[in-house]
Structures are given as C-alpha cells and as structure tokens.
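Novice: Now for the letters of each chain:
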Amino acid sequence: MPLSQVWQDLDQLFVHAKQFLLGVLPEPWRPWASMVVTIGVIAAIAPAIMMYLTWIERKLIARMQNRFGPTRVGVYGLAQPLADGLKMLIKEDIVPRGADRLLHTVAPILAVVPAMLVFVITPFGRGMIGADLNVGLLYFFAISSIGSYAIFMGGWASRSKFSMLGAMRAVAQIISYEVPGVLSVVAVIMVTGTLSLTGIVDAQADQWFVFTPWGLVGCLMFFLSGVAEVNRTPFDMPEAESELVGGFHTEYSGMKFALWYMAEFLESFAICAFTVTLFLGGWHGPNIPFGIVAVLLGMIIATGSRLPWPVRVLGAAAMAGALVLWGRQPMPSWIWFFTKTYALIFVLVWFRGTFPRLRVDQLMGLAWKFFLPLALVNIVAAGLWVLIPNPILTWVLSTTILMASAWLLVLANKPAPLARRTYVLAD
Amino acid sequence: MALIGTGVLSGMGVVFKTFLETYPWGRVVLRTVGVKPTNGLVTVEYPDVKQQHAERFRYFPFLVYDQTPDNLRCVACRICEQECPPQCIHIIMEKDEQGRPVKNHGRTLPKVFDIDTSVCMSCRICVDVCPFDAIEMDNTYELSSEGRFTEMIYDKQRLLKSDEYFHSIHPEEAAVVDQRLAAKKAKAAPSAPSQPGASPAAPPPAI
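Residue numbers (this note's numbering), protein chains in the order written: chain A, 127 to 553; chain B, 2 to 208.
Read the hints as simulated data drawn from the structure, not as lab findings. Do not rely on the hints blindly, as some may be mistaken.
If you only want the chain B side, here are some residues facing chain A, beta carbon under 7 Å, derived [said to hold, decoys possible]:
1) Met13
2) Val16
3) Thr23
4) Trp26
5) Thr44
6) Pro102
7) Asn105
8) Gly107
Looking from chain B toward chain A, a few residues come up when the C-beta cut is under 7 Å (computed) [claimed, not checked]:
9) Thr19
10) Phe20
11) Pro38
12) Gly41
Beta carbons: idealized from backbone N, C-alpha and C, even for Gly.
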C-alpha cells in the first residue's frame, strides 16, 4: 500500500495506515508487527477513552443537575482527566492492616485486564477489529465475567466489612444479571446463526435488530443487564456510597483505586459498544455524506468562544481540508460506531441523573422474575421470526407474544397489598 | 412492578429538559418544541464573575475619616473595644510624654487601632455602639492571607477609609449617618464650641 493511497478512503483510513506500516517491514516480521500494532493501539486508546469518559460523565451529570462540571483545568475542563490521573499516580497507596497484600494488589489488575481484552473483539468499523474470532460473542461473555472474581477478590482482601458487603452484593448481582444478559443475546445468535461479531454486524446491513420486536426487547434487556453488570446507577448496590462508603473499593487509594474506576468505565464502554454491535446495527448507518459532518464540526470548533484562537483556526482549517478530501464520501463506519456508542454512554449518564438506587429485593426481582422469563419468551419470539416466512404474520405474532407476556409478568410481579398494621401498644 | 411504566420515561424527560436548559442551543430547541425553558445554570463562577451583593451586605469594619486621613472621626474612647463580643479590637490613645491625650482637629485620636480579621465575626455591634459614627462596616470579603499575626491584623492605616467610600458602598446608611451627624453638630454649635465630641451623645439608634 503506497502512502499516496492511504489518504484516499476515509472509511478505511486506519486499516490502510496499518497496512502501509506493515508494508515497510520485511515479510517475516509482518504477522508479529501486526499484533504489536493492534495491541499497542488498543492499549493506548483504552486509557484515553476511560479518561475522557470520566470527563464526559462529569460534564453531563453536572448539566443534568444545573451545574457546570469541571471548568477550571484547561478549556472546558478538558485537562481535568490528566490532572486527576496525575493526582492518582502520586497518591499514597494504603493497604489496610491485616489485609491480604497480594490479593489486594492483584484484584484491580484482574479487573482492568478483562475490560481491556474485550476491546480486542469490538468491531470499531468496517475491517477495524483486533481479532475476528468465530466465537467472538462467547469470548465476550467469558472474559467480561472475570470482573466479578476481581470484585470479590478486592472486597475479600481488603479486610473491611464495607468492602466485604459490597463484594458479596456485587457477586450476587453480577451473576444474576449475566443470565438474562446472555439469554437476550441468544435471540441474535438464532437469527444470524453466527457467534462472530463481524457476522452479526453484517447481518444488520439491511435492518438493525432493534427495529424488530424481539430485537427491541432483547436490546433493552441486554443493555439494562449490562448496566447492572457494570454496577452503574440505578443498579449500583455494590458501591452504594450512602450505605457502604465505597463498597468493594472502600479500602483502595491511589492508582489501585484509579484502576477500579478504569475497569468500571471501560466495562460501561464495552457494554455500550456491544449493545451497538448486537442490536443497533454496529458500524452500519444511513448513507450521509461526510461533508455535512465536517461542516458541522468546523462550525462548532470555529465558534467555540472559550477555545484559544489558534485552535479555532486550525480546527476549522482541518475540517475544511477534510471537507475537500473526503466531503463526497459516505460517513465512515467508525464514526457511526462511536456516535452510537457515545449516544448510549449519554443514556447511561442519563440513567444516573434520573433514577435512585434500587432496593436489593427489587434488583434481584427485576433480574429473576422479569428479565429471565421475558428473555425466554424472547427466544420463542425470535424462533417464530426465523420459522415463519410471512413478514406480516411474524410481526404480529411475535409482538403479541412479547407484549402479552410482558403484561402478564408485570401483573404476576405486583406485590401483594400489605394488610394495614395496627400497633396495639400505641393505642 | 413499579419499574415498568410511563413514570420512568417521564422522569427521564424531566432530566433531559433540565439538561437542555443549561445550554443556549438547548433553550432554543425547547422553545421550538414549545416548552418554556427556565434559566438552567444558576452557578456564578466566583473568581471570574462576582455576584452583585445587596447594599446591606457587610463583612468587616473600617474607620471613617472626613476629607483627609488624619481627620478621623474616632476619638479612641474604647467603647467598641469593650463591647466587641469576640474582643478583636485593640485601641491605644495617642498621648504625649506627660501622658496627656494629644488632640488633633479638636479631638483625641487613637495611636493604635488594630482589628483581628480572623477573630471578627461581622456582628456590627461596634458600629451600633460608636457614639461618633467613626466605625462602619465594609463590604470587601477577600481578606484571606497567610500572615496570621501580620497581614490578618488590620492596623489603623489599613482600616482608614474615606467618607466618600462609605457613601459609595452603603449610600442609604451613609445618608442616615450624615443626617445624624448634622443634627448633632447643629445642637452642639451654639452651646459649647470648645469641646466638640467630649460629651458623647446617646448611642445612635440601630439602623
């Protein structure tokens, strides 16, 4: 791949850049260099994504609470993640007396590694996937469930009641929510007939799965189970700060604490990315010319009143250049993927801004009494979708089944009205 | 299940409206949809933007002088020193070698007049008890410093501020004080021009 062709296609820009890099090297080195480049890119991008997820979360949640969020460090608080990282790095690392030092150290690492490993099989764009495993989905569930070991390990090794309680809650919750999470994806596997994530994305070229009855239900269940699995509000029982100080990471400080947060944010990102991949069409999107985006971005950068003027001029010039180079090409696949993923991240923050924490029995009830039966019904609906060729009939049938069962489940789960208590002694 | 229902969605709608209200473009969006936006952001970014405080806002006392800094109204009577609840005022009268009070503009005057900012509790009692309206409340509030026994003790030079300044920060209060001083002057002028201020009038009524 000559250098002049790398710039031609915006959609394949990164793929071609990698091919160009590999082309420089001699033939026998290429497979190894390919691995190194992929691993290096993922290892470099994951912390960057995490750092700016914290910024995005703080900014959005602040706006939902009528505040500004970080504004002091850098323009729009953009340097805040760097300052936080530096602070975390130079903080004292405290291990409680009597704690298991080895497990206390290993636990946060064990939490971060799976969260980063998941990025290997995330299809970021057309051809932009670290390793296209034919059992990609299985790999995702296998790897992401290691996180619960890490959480329990951390809680146990801390030798603290709060940590222990948080860890036990976490394990109960994560294992409960993995069941409906996996079962809601079974529908996707049945329809596409593949476990490969590239195959699943390709199957959604014509119709995103979320626009089918079973897809909508599956998407909601997968996303909500995912929210519960990564311990985010409103399912943040394991680190309920008003009850458990910090839950499993009560006794962590400094860089280890930052690692816990890194794991949590990367897992939230992964959940959003996989909801996009499995149900929201992955990197597919409507055929919009890239020029529109370039113009919009250029206008936003040029009118950003707090940005220093060289940034505004350069940003606008870069966008004008992009418009000239790639203006007529369709929107690149990776922009679609990241747009959808960050939209879901916004939904996560939106949940956090809206909902109070669930009670333990409500949390478990939602998983076992509502999601699990509904996921099983959803498999039936997906089966009908595959079996019945008539599109109208299958739409009507599967929608009816799902709506009826959801309604029945709501009715069946209604708590029995409690008898009015009378306090004899009080009268 | 209370979770399934429209309540969840309407709650999310409220939060999204609040989110949009904080952005100018969001307010435009809300107006086009037909929702009346309120002013979302109430934060005043303090060091950059300062809130306009009310006229009656007070923080720390200062000494008033007329025309020139040596013509201060204080006669070092030490009433405020004794009345001060946290006892943050320290006054020594100006005296000559024989121990007689020095007079300037026909009045005794303080040699030392210190107020400890870190002890002062902004109660305004010194202002209420002063018979000469010589001490008034200032409205500056950025007084923090590192010198606990140097910069945070305000001496006479730093406490002295002109009557014009008093008029500029508390015009309403200053007008009342001026009226009272004028009345006192009119009463004192025909009888005894010899000792102005030597017979303190009744404490001025609290404003």
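Novice: Take the hints in turn and mark each one as holding or not.
Specialist: Each hint tested on the structure:
1. Look at Met13 of chain B: its Cβ gets to within about 5 Å of chain A, closer than 7 Å, so that hint holds up.
2. Of the supplied interface hints, the one on Val16 of chain B holds, with its beta-carbon coming within about 5 Å of a beta-carbon of chain A, less than 7 Å.
3. For Thr23 of chain B, the suggested interface contact is upheld, since its CB lies about 5 Å from the closest CB of chain A, less than 7 Å.
4. Checking Trp26 of chain B against chain A: minimum C-beta separation of about 10 Å lies over 7 Å; hint violated.
5. Interface restraint check: Thr44 of chain B against chain A, minimum CB-CB distance 5 Å, threshold 7 Å, status holds.
6. Interface hint at Pro102 of chain B: violated, since its Cβ lies 54 Å from the closest Cβ of chain A, which is beyond the 7 Å cut-off.
7. Proximity of Asn105 of chain B to chain A is violated relative to the hint, the smallest CB-CB distance being about 50 Å (cut-off 7 Å).
8. The interface hint given for Gly107 of chain B is violated, since its Cβ lies 54 Å from the closest Cβ of chain A, which is over the 7 Å cut-off.
9. At its closest, the beta carbon of Thr19 of chain B sits 6 Å from a beta carbon of chain A; the interface hint therefore holds under the 7 Å criterion.
10. For Phe20 of chain B, the interface hint holds, since its Cβ comes within 7 Å of a Cβ in chain A; the closest pair sits about 5 Å apart.
11. This hint is violated: Pro38 of chain B has a C-beta 12 Å from the nearest C-beta of chain A, more than the 7 Å allowed.
12. Given hint, Gly41 of chain B at the interface with chain A, holds; its Cβ is 6 Å from that chain's nearest Cβ, closer than 7 Å.
Consistency note: the structure conflicts with the earlier hints numbered 4, 6, 7, 8 and 11.
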